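**Q** Spelled out from the first residue to the last, the chains are:
There are 2 protein chains.
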Amino acid sequence: MSETRTEISSLGEFGLINHLTRNFETKQASTVVSVGDDAAVIDHFGKQTVITTDLLIEGVHFDLMYTPLKHLGYKSVIVNLSDIYAMNATPTHITMSIGISNRFSVEAIDEFYEGVYAACERYNVDLAGGDTSASQKGFIISVTAIGEVAPGKFVKRSTANKGDLICVSGDLGGAFLGLTLLEREKKIFLESPQVQPDLENEDYIVGRLLKPEARKDIIDFLEDRGVVPTAMMDVSDGISSEILHICRQSGLGCKIYEEKLPIAEDARKAAFKFGLDATVCALNGGEDYELIFTMSQDDYDKITINEEISVIGYMTDEEEGCKFLSKGGNTFNITAQGWNAFGK
Amino acid sequence: MSETRTEISSLGEFGLINHLTRNFETKQASTVVSVGDDAAVIDHFGKQTVITTDLLIEGVHFDLMYTPLKHLGYKSVIVNLSDIYAMNATPTHITMSIGISNRFSVEAIDEFYEGVYAACERYNVDLAGGDTSASQKGFIISVTAIGEVAPGKFVKRSTANKGDLICVSGDLGGAFLGLTLLEREKKIFLESPQVQPDLENEDYIVGRLLKPEARKDIIDFLEDRGVVPTAMMDVSDGISSEILHICRQSGLGCKIYEEKLPIAEDARKAAFKFGLDATVCALNGGEDYELIFTMSQDDYDKITINEEISVIGYMTDEEEGCKFLSKGGNTFNITAQGWNAFGK
Chain R
3 MSETRTEISS
13 LGEFGLINHL
23 TRNFETKQAS
33 TVVSVGDDAA
43 VIDHFGKQTV
53 ITTDLLIEGV
63 HFDLMYTPLK
73 HLGYKSVIVN
83 LSDIYAMNAT
93 PTHITMSIGI
103 SNRFSVEAID
113 EFYEGVYAAC
123 ERYNVDLAGG
133 DTSASQKGFI
143 ISVTAIGEVA
153 PGKFVKRSTA
163 NKGDLICVSG
173 DLGGAFLGLT
183 LLEREKKIFL
193 ESPQVQPDLE
203 NEDYIVGRLL
213 KPEARKDIID
223 FLEDRGVVPT
233 AMMDVSDGIS
243 SEILHICRQS
253 GLGCKIYEEK
263 LPIAEDARKA
273 AFKFGLDATV
283 CALNGGEDYE
293 LIFTMSQDDY
303 DKITINEEIS
313 VIGYMTDEEE
323 GCKFLSKGGN
333 TFNITAQGWN
343 AFGK
Chain G
3 MSETRTEISS
13 LGEFGLINHL
23 TRNFETKQAS
33 TVVSVGDDAA
43 VIDHFGKQTV
53 ITTDLLIEGV
63 HFDLMYTPLK
73 HLGYKSVIVN
83 LSDIYAMNAT
93 PTHITMSIGI
103 SNRFSVEAID
113 EFYEGVYAAC
123 ERYNVDLAGG
133 DTSASQKGFI
143 ISVTAIGEVA
153 PGKFVKRSTA
163 NKGDLICVSG
173 DLGGAFLGLT
183 LLEREKKIFL
193 ESPQVQPDLE
203 NEDYIVGRLL
213 KPEARKDIID
223 FLEDRGVVPT
233 AMMDVSDGIS
243 SEILHICRQS
253 GLGCKIYEEK
263 LPIAEDARKA
273 AFKFGLDATV
283 CALNGGEDYE
293 LIFTMSQDDY
303 DKITINEEIS
313 VIGYMTDEEE
323 GCKFLSKGGN
333 TFNITAQGWN
343 AFGK
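Those sequence lines, one after another, are chains R and G.
Position one of the first sequence corresponds to residue 3 (the numbering used here), numbered consecutively onward.
Position one of the second sequence corresponds to residue 3 (the numbering used here), numbered consecutively onward.
Bear in mind the hints are in silico, worked out from the structure with no lab data behind them.
Given the structure is predicted, the values throughout are model-derived calculations rather than measurements.
Don't take every hint at face value.
Within a straight-line C-alpha distance of at most 25 Å, the following computed BS3-like cross-link-like pairs (lysine-lysine) qualify [said to hold, decoys possible]:
| id | chain 1 | residue 1 | chain 2 | residue 2 |
| --- | --- | --- | --- | --- |
| 1 | R | K262 | R | K189 |
| 2 | G | K218 | G | K155 |
| 3 | R | K29 | G | K218 |
| 4 | R | K329 | R | K164 |
| 5 | R | K155 | G | K29 |
| 6 | R | K188 | R | K262 |
| 7 | G | K155 | R | K49 |
| 8 | R | K139 | G | K188 |
| 9 | G | K49 | R | K155 |
| 10 | R | K155 | R | K72 |
| 11 | R | K329 | R | K189 |
| 12 | R | K49 | G | K139 |
| 13 | G | K188 | R | K29 |
| 14 | G | K189 | R | K139 |
| 15 | R | K139 | G | K139 |
| 16 | G | K188 | G | K72 |
| 17 | R | K189 | G | K72 |
Some, not all, of what chain R presents toward chain G, calculated at C-beta under 7 Å [what the hints assert, rightly or not]:
| id | residue |
| --- | --- |
| 18 | A42 |
| 19 | V52 |
| 20 | A88 |
Just so you know, even glycine gets a beta-carbon here, dropped at the ideal spot from N, CA and C.
Could you put together the complete structure from these sequences and hints?
**A** Given below as structure tokens:
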């Protein structure tokens, strides 16, 4: 954080909004009215509007002890854009509401918004509105993302077909291992503040957690190749959980192969170091923000050129269940061990 | 609250979402995809999309000691619909995200959603998605409302003209007086729990605070009469603050007459009882969720039939400033004393 500390109360709510939006120019032709009125107006010119929202709460979804505010701002936007891409749509706008206690200075909020604007810039998205409020405790972030899609071109979770290939972008488990590392270092720091955190050679997994990207490139690639996924969603709770959503909503089963799961070398090394099973991290770790999609086997040749897409299995009849085949040749039922914020 | 207490953790996040949305049927033809996917898809069929969002935080925006959860659910929706109407648009969808600590049972959340659904029902709005999350402390509500408007028919704050009449719907100050009453009763209760709250004859002001409505009727009336406001916004922070927004954004001044301010008889009585000036309550009290709008003097005859619309003044040149004329014949500068959550 910078050295100056400006109290938020010195600006007031409207002053803060003006301050935060002072340099932001809208880029989307669809933005008719932006920040500064009761509501924003968007014209998608005949396209359908896609909308998603996420609530992120300090201490539940993020830990400011090891999350730089700029990264947090960036990620808050990304996790919502990821949902829009997962509908095969293009994000056009976000609204950003924050609740902040007076422990945050204007400079701190500026850092957060730097990340927000960086994500808007990179993904060509306009900030269309929002709300700033005091909070009694902690930092609260609520983002809504709006996108557009040509009528009927959206892709749901429920429309996979038997025999479809199951594909996943990028690699899995890295964000979970990054979280494991940072939680470990936090614990060490709290016990012995003089010990410097040991993050050497862990850039990859830390980056996977703190600065995820939304897979616009995959959506663009599929469109270029003329591949329309039959079902799609983003990987936020862990791929086991996501596969079960697609299976249940499509009324099908699936077969997934351990040997096909994409796991980065750095993630494997980290898993080994922490005594964790890399496959379990890949299956159940969340927050990778990759895309999982199904597609017709006929489209297989069109995607092989893209090393960022792995075919990890295929859809089966519902009666066959949701199965995982280990490298050792054993078959397991896939169970969702995704993150449950309400559990203990 | 009901007698049974079901822990939220017994349902999990997806279970809770399924539980909360189990009886909800979409009504809007524009709803293409609703709850249950990465994002919702809406087709406004050539109309423009209007979007607004609000973050409501326990202890900052509401006090559960005197706010029934059902009313809170209702009001959370209403305050957002009010913003959509204030753009001269029709709300079609909301997303609702909540953050809840484990002090809330499933039954308590059900009560909240009863209010949410009642508002959706009354205003013909679909719940299109949302998020449920754990919170570390208190109840957090984030609502986004989406609406539609014929291209170019939206009404901004910045487009008032010199000489336009300034109109306001309903009456002012009631919600603030309701809040004053409930805060007073809360204080008495905390000091002497055996004293029963004295809310007799205060239904009106309490209702203004706890169960506001959005002024769809006014928007419908104006459309019927062929009156297009030149500028409009909703009254959430107090009419002084709102008038200043319209003046500043339109580059104009205004003259407001005390004698024209609509104040309900019950609000006057309550103000007298509390030793408050009813006019000050009307000017600076927030949360009335009425509409303030400007319109051409030529349209005056078209609105006189509607007793729910008061003409309170007119727009002037910027140089004349924003003036308030008291009944006693004195002129004051209007200042925004609206609610500032970041104060103190």
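**Q** All hints, please: hold or fail.
**A** Here's how the hints hold up against the structure:
1. R:K262 x R:K189: 34 Å, violated
2. G:K218 x G:K155: 16 Å, holds
3. R:K29 x G:K218: 32 Å, violated
4. R:K329 x R:K164: 24 Å, holds
5. R:K155 x G:K29: Answer holds: K155 (chain R) to K29 (chain G) is near 22 Å, not above 25 Å.
6. R:K188 x R:K262: 33 Å, violated
7. G:K155 x R:K49: 19 Å, holds
8. R:K139 x G:K188: 22 Å, holds
9. G:K49 x R:K155: It holds: about 19 Å lies between the C-alpha atoms, which stays within 25 Å.
10. R:K155 x R:K72: 34 Å, violated
11. R:K329 x R:K189: Not satisfied, since the Cα-Cα distance of roughly 34 Å exceeds 25 Å.
12. R:K49 x G:K139: Violated, at about 40 Å.
13. G:K188 x R:K29: 49 Å, violated
14. G:K189 x R:K139: Given that 25 Å is the threshold and the Cα spacing comes to 23 Å, the pair holds.
15. R:K139 x G:K139: It holds: about 7 Å lies between the C-alpha atoms, which stays within 25 Å.
16. G:K188 x G:K72: Distance of about 19 Å is within 25 Å: holds.
17. R:K189 x G:K72: 42 Å, violated
18. A42: Where the cut-off is 7 Å and the nearest Cβ of chain G is about 5 Å from A42 (chain R), the hint holds.
19. V52: Since chain G brings a Cβ to about 5 Å from V52 (chain R), closer than 7 Å, the hint holds.
20. A88: 4 Å, holds
Violated hints, in rising order: 1, 3, 6, 10, 11, 12, 13, 17; the structure is consistent with all others.
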